[in-house]
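Chains L and S, in that order, give the protein sequences.
Positions 1 to 257 (our numbering) are the ones given, in order, by the first sequence.
Positions 258 to 871 (our numbering) are the ones given, in order, by the second sequence.
No lab work stands behind these hints, which were simulated from the structure alone.
Watch out, some of these pointers could steer you wrong.
Pairwise CB distance ranges, derived in the manner of DEER restraints [stated by the list, open to error]:
#, chain 1, residue 1, chain 2, residue 2, range
1, L, N76, S, E261, 35 to 41 angstroms
2, L, E113, S, T495, 40 to 46 angstroms
3, L, V229, S, E802, 55 to 61 angstroms
4, S, D400, L, A174, 37 to 43 angstroms
Calculated lysine to any residue pairs in the SDA-like style (CA-CA distance at most 25 angstroms, straight line) [what the hints assert, rightly or not]:
#, chain 1, residue 1, chain 2, residue 2
5, L, K127, S, Q867
6, L, K136, S, I493
7, L, K136, S, Q867
8, S, K790, S, G732
9, L, K139, L, E98
10, S, K728, L, G70
11, S, K370, L, Q120
Each residue gets a CB set at the ideal place from its N, CA and C atoms; glycine is no exception.
So the chains spell out like this:
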Amino acid sequence: MSEFEPKIIVFLCNWCSYAGADLAGVSRYQYPTNIRTVRVMCSTRVSPHIVLELLKDGADGVMVTGCHPGDCHYINGNYYTQKRVELAQRLLKLTGLEPERMRLDWVSASEGEKFAHIVQEYVAKLKELGPNPVKKDKKLVTRLDAAIDASREFRLKVLTGKEINLTTKGNVYAEILKIESLEDIMAKATEDEYRNSLILQLTHHKPYSVKELAKEIGEPTDKTLEHVVSLRAKNMLALDHIEGATPKYKAIVIGGA
Amino acid sequence: MSEEELRIGVYVCSCGSNIGGFVDVAAVVEYAKTLPDVAFATGNLYTCAEDGLSSIRNSIKENNLNRAVVAACTPRTHAPLFQSTCEDAGLNKYLFTFVNIREQCSWVHMKEKESATEKAKDLIRMGVARARLLQPQEEVQIDVIPSALVIGGGVAGMSAAISLADQGFPVRLVEKQDMLGGFVRNLGYIWQERQEAVAALKAMIDRVKSHRNIDLFLSSKVVSVDGFIGNYEIVIDTKGKQKRDNVGVIVVATGALEYIPEGLYGYELYDNVVTLTEFEILAKNKKLPKMSSIAFIQCVGSRGQDKSYCSRICCNVTLKNAMNLADNWQNMLGLEEAGKAVEGVSVEKAVPDEIAERRRGRRGRKEREEGGAEETAASTPKLDIAVFNRDVMSYGVEHELMFNKTREKKVRFIRYTPHYLPKVSLENNKLTIDYWHDTLQMQRKMTVDMIVLATPLIAQPDATEISKMLKVPLGQDGFFLEAHVKLRPVDFATEGIYVCGTCKGPADIPEAVGQGMAAASRAGSPLARGYVKPEALVAYVDSDECSGCGTCIEICPYNAIRKTENGLAEVTIAACKGCGNCGATCPENAIIMNHYTDNQLLSEARAALQEVKE
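Next up, chain L with everything else stripped away, as it sits in the complex (with noise of 0.2 angstroms):
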C-alpha cells in the first residue's frame, strides 16, 4: 500500500490568506497536493459546525486561515475566529479525535512563502497523526454528532458571540467579567453542552438507562442524572419505559425521525 496521503480542506479568507496563498503560486513555492482551498469572505465565516462536520465526513485535518490579528479587512473578524476555532477544539477535545486536526494560522497577503511552508508541516504532521479513524469508529461519528449540536446550541454560540462586551463593556447588570472568569464559564458551559447534546444523540435511536448514559459520556451517575432531569426539564428527553426497576430514557424527536 502506498504512503497514506491525508486530505486537507483549507479555508482561506479572500482579502489576506487567499492572497498569501496565490503569492506562493507566483513565487513558484512547491509544497504537497495533499490540500483542497475553500475561499471565504472572511475566516470568521467558518462556524465551529462547518469544521466538526468535515472531520466527522472523513477529512484528516481541517485548517482555517485569515489574516494577522489586527489587519482583518473586516476590522476583527478574525478575533471572532480565534474564538469559534477555540471552541471547536475544546469540542473535539471532549470527542477524543486530535484536536491537532483543527488548525488556525494567520497568512497575509505578502507571506506566500509562510503558506507554503504551513501546508508542508500541516501536511507532515497529519501524516504523523494518521488517516481521520472516524471511518472505523462508529461512536466516534456519534460523539462527533454531539459535538456539532453543541457547537450550534444558543448559549454557546452567544457567550462566543458576546465576549468582547462581556469582558469590556459589562453585562445588562453593568459587572465586567474577567476574561479568566468568563473562559471558565466558556469550558464548563461547552462540556455542558457536549454531554446533554450526547445524551440526546445516543437516546436518539434506543432508550438508555441513567447508568449506561454515565458510561458512555465518562460522567458519575449522580452527574448524569442531572443532566437527563435538565433535559426532561426542557422537554427533549422521555421515559421510554422501565426495564425491571430501571428507567429507560429516550430523545423527543419533533417532526418525526
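We have chain L; now place chain S onto it with these hints.
Relative to chain L, chain S alone:
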C-alpha cells in the same frame, strides 16, 4: 426558478503552458463532463482571450446553461472579466464560480503532474458542487460622492491630485509636513537635463496651490476613515484642529524614507561618510567638502544586508552624481574656476552643520561631539571617483547610456561580493577602504576624502497606522501591497482606495509621477460614473427564526444590523460588507450569508472528500 433543471458549463484553461504544462487539461475536461448536472465542458488555451470568452458566451446560449464554472488562474484578478462575460450571455454573475488551478495548483505542483491533475479534478468537482447551489443576486446601486482624498504631497501625491482636479473633481490633499514636495525636496539636480530639483518641483507645487479644485491641508494628518467606496467619512487633523469631511475615493501616496546605515562603513563614526541623500543635500547647498577623491558604496543595507530588496533607484542616482562630480557641474566642487583641475585642496573634516543637525533631529538623537581630527593636506591633480558595487543596475535606455558615459569619464567601478564587503577605517587621518579586488584576486587599499553610502528607500514608519486605518495590506518590507503586482499596480484589493509612489516600493521621479497619474485615472472612474454597485454579498435575517437576542448587533463591525419595531434583527444592505461574522455567530442560526451559505461552503468542501471512481 428553484425547480429549473441545472445545466452547468465548465471551462478549463490551459493558460498557455502555465496550467497545461503541469496538469493534464484534456483529462480534466473529460472528467468534468462526468460530473452531475454538467451539460457542457471544454478546454481553452487561454480562456481570458477573446476566443475563450466568446466560447463561454456562445456555449451558454447554445446549451441553455444556467451555471458557469471557469477553472483557470485566480478570482482575485480575473473574476470580474468572466463575470461580465456571463452577464453578456444573460447569466447573472452570481451564478458563476471560479476554480483556481494555476496559483493554487499547477504553479505549486510543478513536478507531480499526476497528483496535480487529480487535485485539479477535485477542485473542479468542488466548484461544480458549489455552482449547483448558487442563487442569482441583485446588486444595489450606491451613489458616489464626487470628491477625492489624496494622502501625501510628494511628486506622486501631487500628480494624482492635479490629475483628479483637472478631471473636475474636488480634491483634499493632506501633507504631514509644512510644505509640499516630499522626498524630492532633498535632491540637488535631477538628471538628465540637470535641472534643479527644486525648480522642477516649483512648477508642480504652484499648480497644486493655485488649482481651484484642490484643498490643501499642510501640517495635517488623516486621523480617521470610516465608510466604504463612494462615501468615506474622514477626519483631517491640522495641528489639533479637526475637520470632518466626506469623500468618494482615497489615494495613498505617503512616500518613503532613506535607510540610515547605522554601524555600517563608519557612518556616524568618521566625518565625511554620508548617505546618498545627505550627499544630495550637500551638493544642492554647495556645501561639499574640498576633496580630491570620493568613493560611492552601493547596496548599503539592501539586498540582504538588512533589507531584502533592491532599492532600484540608487545605482542611477550614484551614476548621476558621479557624472556631475566628474564634470564639476555648476562648480559643485567649489573650485575657483569651473572645470579646472583641483590642486592641493584640503579636506574639510567636520561634517557640515546642516547634515549634523539633520542627523540629530532623527529620532530625537542626542547631540554628538564633533570629531576634532586635524587637517591634513593631500595633493592630487584631479578628482578620483570610485563606485563600489555588487552589480550596476542602470536599467532603461537613458540610464545605461549614462553608465557608459561615466566610464568614459574614468569613474572606476569596483565590484564587491557580499562575502567580502569593503571595510572602512581611518588610517593616518585618512578615510581608508580595504577591499578585495575580484578581478585581480587580491586585497587592496584606497584612501579617499569622502564616502557616500547608497542606502535603500524604506517604508514610512506610520505606514502601519495608515494601513490599519484604511484596512489595506502592507507587504513584508512595510511598503503598501497593491491588488496585483502586474495587473493592478495602483489598486488596492479594497475598492475605492488606490496607491502610488514610493509608499509601494522604491521608484524614481518619472515612475512616481506616472503612478500618481495612473492612480488618479483609476480613482476617477467611480467618481465620473457617479455610482458603484458593490458585490451583493450581504447577510439576510430570517425573521421566523430570529429571537431578537441582539448578539449579531453587538458583533457587526459596521453597525449594519439594527432592531426593527417588533424587536427582530434587520440588515442595512448598503452598510453590510459581507464578512459573514453574524452568520457564524447567530445563536438561533437565523442569519444566512448570501453567496457563502453554510450549505454552499459545506457542499463545496465535502465534494473534496469524495473518493474519485475512475
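Outcome of the hint check:
1. L:N76 to S:E261: 35 to 41 angstroms: holds (40 angstroms)
2. L:E113 to S:T495: 40 to 46 angstroms: With Cβ atoms ~42 angstroms apart, the hint holds.
3. L:V229 to S:E802: 55 to 61 angstroms: violated (28 angstroms)
4. S:D400 to L:A174: 37 to 43 angstroms: For D400 of chain S and A174 of chain L the Cβ distance comes to about 41 angstroms; the hint holds.
5. L:K127 to S:Q867: Holds, at roughly 19 angstroms.
6. L:K136 to S:I493: At roughly 63 angstroms apart (the allowed maximum being 25 angstroms), I493 of chain S and K136 of chain L break the hint.
7. L:K136 to S:Q867: holds (16 angstroms)
8. S:K790 to S:G732: With Cα atoms ~29 angstroms apart, K790 of chain S and G732 of chain S exceed 25 angstroms; violated.
9. L:K139 to L:E98: Given that 25 angstroms is the threshold and the Cα spacing comes to 15 angstroms, the pair holds.
10. S:K728 to L:G70: Judged against 25 angstroms, a Cα distance of about 9 angstroms means the pair holds.
11. S:K370 to L:Q120: holds (18 angstroms)
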